[in-house]
Amino acid sequence: MANKSSASSGGALPFFIGFIAMLFVGWWVFPQALFSAMEQPIRFSHKVHAEDQGMACEDCHFFNEDGSYNGIPATAKCAECHSDVLGEDPDEKKFVEEYVSKEKEVPWVAYQDQPDNVFFSHAAHQKQECTSCHPDMAGNDTPPTVFVNKLTGYTQLDHKMLNDTGTMKMYRCERCHALNGQSNACYVCHR
Amino acid sequence: MGLDRRAFLTFLAGGAVGLGLTPIPYKFTDDIAIWSQNWSWTPTVPKRSVFFSQVASKMDPGGAGIRVVSYDGRPCQVVGNPEHPLSRGGLSAIAANEVQALHDPNRVKTPLVRRGEKLAPCTWSEAMALLKDKAAAAKDSMAVVSGDDTGTASEVLAAFAAKAGGEFFMAPGEAASAAKATELMNVSGRLGYDIENSDYVLILGADALESWGTSVRNAKAFSATHPTGGQRTAKYVYAGPVLGPTATVCDAYVQARPGAAGVLAMGLARCLIQAGATAPTRDFAQFARIAQAEFGPARIEAETGVSERDLRKIARELASARRPLVIAGSEFGSGAGAKTVAAGLAVNILLGNFNRPGGTRAIAEAPTVVPGAPGRQAMYGADLVGYLSAVAEGRTAPGLLMVYNANPAYALPRTAAMASAVKKAGFTVALSAFLDETAQLADLVLPAATTLERYDDVYTPYGAGQALYSLNAPVVKNPAYDCRHAGDVVLALADSLGLGLGFGSMREVVEAKAQALGASLAALKKGAAWTAPALVAQSGVSLVPAAADHVSAAKDGFRLALAPQARLALGSATVAPLLGMNAVSAAELAKGETVVQVNARTAAANGLRQDAEVRLAGPEGEMAGRVLISEKVMTGVVAAPLGLGRSAFGQPAGGNAHTLLSVADEPDSGLSVWTGSRVNVA
Chain A
0 MANKSSASSG GALPFFIGFI AMLFVGWWVF PQALFSAMEQ PIRFSHKVHA EDQGMACEDC
60 HFFNEDGSYN GIPATAKCAE CHSDVLGEDP DEKKFVEEYV SKEKEVPWVA YQDQPDNVFF
120 SHAAHQKQEC TSCHPDMAGN DTPPTVFVNK LTGYTQLDHK MLNDTGTMKM YRCERCHALN
180 GQSNACYVCH R
Chain B
0 MGLDRRAFLT FLAGGAVGLG LTPIPYKFTD DIAIWSQNWS WTPTVPKRSV FFSQVASKMD
60 PGGAGIRVVS YDGRPCQVVG NPEHPLSRGG LSAIAANEVQ ALHDPNRVKT PLVRRGEKLA
120 PCTWSEAMAL LKDKAAAAKD SMAVVSGDDT GTASEVLAAF AAKAGGEFFM APGEAASAAK
180 ATELMNVSGR LGYDIENSDY VLILGADALE SWGTSVRNAK AFSATHPTGG QRTAKYVYAG
240 PVLGPTATVC DAYVQARPGA AGVLAMGLAR CLIQAGATAP TRDFAQFARI AQAEFGPARI
300 EAETGVSERD LRKIARELAS ARRPLVIAGS EFGSGAGAKT VAAGLAVNIL LGNFNRPGGT
360 RAIAEAPTVV PGAPGRQAMY GADLVGYLSA VAEGRTAPGL LMVYNANPAY ALPRTAAMAS
420 AVKKAGFTVA LSAFLDETAQ LADLVLPAAT TLERYDDVYT PYGAGQALYS LNAPVVKNPA
480 YDCRHAGDVV LALADSLGLG LGFGSMREVV EAKAQALGAS LAALKKGAAW TAPALVAQSG
540 VSLVPAAADH VSAAKDGFRL ALAPQARLAL GSATVAPLLG MNAVSAAELA KGETVVQVNA
600 RTAAANGLRQ DAEVRLAGPE GEMAGRVLIS EKVMTGVVAA PLGLGRSAFG QPAGGNAHTL
660 LSVADEPDSG LSVWTGSRVN VA
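Going down the list, the protein sequences come from chains A and B.
Per numbering that gives the first Met the number 0, numbering of the first sequence is gapless, rising by one per residue and ending at 190.
Per numbering that gives the first Met the number 0, numbering of the second sequence is gapless, rising by one per residue and ending at 681.
Hint data in this document are derived by calculation from the structure and do not stem from the laboratory.
All values derive from a computational prediction rather than experimental measurement.
A portion of the hints provided could be inaccurate.
Under the rule of at most 30 Å between Cα atoms (straight-line distance), these lysine-lysine pairs were calculated in the DSSO-like manner [to be verified]: (1) A:K76 with B:K131; (2) B:K423 with B:K131; (3) B:K524 with A:K92.
Isolated chain A (complex conformation) (with noise of 0.2 Å):
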């Protein structure tokens, strides 16, 4: 009997390779599974405008007149310099041809759009550092890869599970808010 029931369960090897293998699936195959990595339409270089420019971040990303945020420039915008090609680089050549010619808005993705049950001010938040919340994109060459959560939509940097790159969760809002000694009721952020 004995012999029977140790051979049959084959002891702890069996609970012990089912546990790793979840862990194996929970950790590796479900973040890659969840996430579906995206590269920009556009190589943009922050870079090229920033440093070799000398461009500042508010030339593209400023309040309007009506204190709304424009966060991502729409064509119009860029083609404001880029109404014919500039340079030499085949992606600007791809953005003047498919995007300002044609008078289409580039479908860029953005990495910490928040969802419409929040509404969040920039202009409350022009104290904080950009980089607080986003981030430093001034010397990026080429847009990191943006990982789309398959099932919220929600986007980040990366892809893993707990992470502070992408969409803001509601415990980062609270905790920044409590640290700073501002409301944390629900009104404040869901009107």
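Starting from the known structure of chain A, fit chain B onto it as the hints suggest.
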């Protein structure tokens, strides 16, 4: 080692324990909640940047610059443009509707051709082929009407009419009156008013802060000189029959009868001359004699209701101001004729402020760019009301009548006759964005693009203080309907008839205009306004035409003077009311009827009671109304809002006060005058 049932269950148990140590259950639980918030069928706010396009409003008669807020190339909102000289951040009620105009249910969405009593859709190629046939058959029996006072499109239409041997008419308005006034007085350039730099602004009749001229800019100039909590730096005085939007905020208000602005200006001229004012013109002595002999205190008081004492007080204040300015015009933006504007200009010349800071100015005309187009004064040479009256009476009949940006069947006096003329023309083509009263009577309706859908331009709207040019590029990336700019239609028509106008599109036309002005095309395309402060030097200015033959549309047998009230929120003479313009007040429309206002004394003298249903009868037509007794109205005057009674848009609310207007012919200018019309109320 085999995998039996027990081993498998043990394996699953290990997996289950392991699962608890992975993010899977926690991440799924979290994400499922988020997933349900992001269902694709849930409407969301556009996730793109806001983009502000800068154009000049073509619906606003004042041509104020606007910023159009777009998401993904889709216009969503209009705000004022702080950098545009005619806006300075302000926005008129009519320009605020430039976005709503795109989706107005009354828009013409496809070409329409008359089949019997109805208009039926057709294709653009069918419509253009029909138009070509009709134009070829009409030959020189053609009349072209444009209501675009500021755009080069009118130049295109005028050049086409000239090449075809037809006649061209600008729709009447203050710009037409001023063009004729300057012609009569031998003034070169177009008339402007440097209201920003004036320290005393006398407004005679013209509703300068609501509907006259560059009203947004005028209001900004007013508020700049009347800071909240601060000392005013200019005095504004209004003389007119109703304590309306302009009179209410002015520093002083003088009651003056409707249509009396010209005569009142001549009375002021007499007072100024008596006080020693002169003018460096060769006919000053003759002008002074006419002013003295024909505009004495008795006539002024009888025709304007302004006492000699008040007149002299105003004249003294004008004379003592450092930079006085007099603006004279119609209370409702049309029908004043040339003499009213001319008399106002004469007073300004007597005050020595012509072409001076804070005064009236002669602004250079823009160079003509379309070959064969007549000059500005020639474009304004013919009188549309007189012509359409002749058509209605059968004295003439064009084989082809083309109407662009005008609505003669609604917004002109003798309204029934104007509508009859539209029907009597051999073939009427309406180039219109909206299926308005004129379009409904037309034989062919061609859907016109709106401001945000077309290349267009604005050159120095009437009233502006300096030369100014704005170029509009389309803001809408994907227009909802296949509409075309009337200018493009006429360019194509001219080409098909072998009357080539030298341009393939309105885009080329406006770019040529910008080049002719020496303006930076790149800056214009970004929405910046081109301005030029240079003024036109004058020689041989004549004052006498301003003094002679002032006429009124008043007819015998009608007791009350009619004071029509124009408000841009109810549409202009050319633009249909739109969705956003439905803020009609109870002082304009009550229980489905137009509210007509009289004061208590007038009501008592005419047996009128508050809220009574009445009929207003003019020499040319009637209108139902409901009485509101208001002390904002001068004795002997009945005030009625324009913009109601739109029969083209379903059940009309209220009545059309244009039907009450009568017409008089103004000698010298050849213009029709309809200010000062009188009515009976019973």
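Hint by hint, here is what the structure shows:
1. A:K76 with B:K131: violated, 42 Å
2. B:K423 with B:K131: This hinted pair holds, its Cα atoms lying about 20 Å apart.
3. B:K524 with A:K92: This hinted pair holds, its Cα atoms lying about 22 Å apart.
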